[in-house]
Amino acid sequence: MPLSGILIVDKPPGMTSHDVVDEVRRLAGQRKVGHAGTLDPMATGVLLVCLGKATRVSEYLMRGRKRYRATIELGTATDTYDAEGEIVSSGGKADSSRDEVASALTHFIGKIQQVPPMYSAIKQGGRPLHELARQGKTVERDPRPVEIDSIDLLDWSPPELSIEVVCSPGTYIRSLAHDLGEYLGSGAHLSSLVRLGSGRFGLSDATSLDRLAEAFEHGQEDQYLLALDEAFLDRPAAVVGAEAARRIAHGQAVDLRLSPDSEKDGEGLGRAYGPEGEFLAIMIHDPASGLWRPKKVFV
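Going by this note's numbering, the first residue of the sequence shown is number 778, and it counts up by one from there.
Treat the hints as calculated values from the structure; they're not laboratory data.
Cβ coordinates follow ideal geometry from the N, Cα and C atoms, glycine included.
It is possible that some hints are incorrect.
[Said to hold, decoys possible] The calculated EDC-like cross-link candidates involving lysine to aspartate or glutamate, where the alpha carbons are at most 20 Å apart (straight line), are:
(1) K888 to E994
(2) K809 to D856
(3) K809 to E836
(4) K809 to D999
(5) K830 to D999
[Claimed, not checked] The calculated label-pair distances, taken between Cβ atoms and stated as ranges, are:
(6) D856 to E937: 43 to 51 Å
(7) R875 to A990: 40 to 48 Å
(8) E937 to T984: 25 to 33 Å
All chains, full assembly: derive it from the sequences and hints.
Spelled out as structure tokens, the structure:
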């Protein structure tokens, strides 16, 4: 029987997110595997991998706030905005004071417009930007709204600074590094990146691929495989009786007696469990009727 659940993987450097998915497919012996939130090959840290039915909740996992620890080198800019790219400028000013750097970082806190790098998976005209970039093409990219909750300057040892960032999904830390260099007039690139957290999942929860391989080999993967409702534990929950469970399984609305006050992202979502504690569905509140209707059913 195919596995279903969420793995919190500590992605190693040098692998793409798709490489990690392919490795988990091989270990699990099943095709239905996907990830929730891309990490660049250079980056390490929390990568959420969904198996089986859990692939249906990846969109909700992607919505979680992200937390990163990044190292940025001032004075040198690259075409990819990180250490893996070709140098496009060097010798820029890299001796700003700590106060100058800290002040510059505050310019990027809040709701900002960010231009994604050319070397990214974002599609334009049906083609990923990185494919065009590798052909030597540069196209205009529309800025996208992102939100940076906080940037803490951890260390400033010229020409490198270390920061911790909490931000919305879709934020490119590479672009933040590039834009900081532009703002300071020095040029800059991202030299290292660790994703410390994605939503409610942190690096301390993550497991290496080597350890996962060992667990799969010995039939112990269940100790690392989280139930798919882990994606919704911050939503209100209700246990229903047999008749309501039947209605939910058939896509019919029910009265869950849940408060919609915990609405997030513009959706009043809740969890419904059957009389035996089985996870039935993600429910969405209908303000007009006061009822809750199934949004995604898992039974």
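Taking the numbered hints from earlier one at a time, note which ones the structure violates and give those numbers from smallest to largest.
-> Hint check: 1, 2 and 6 fail, others pass.
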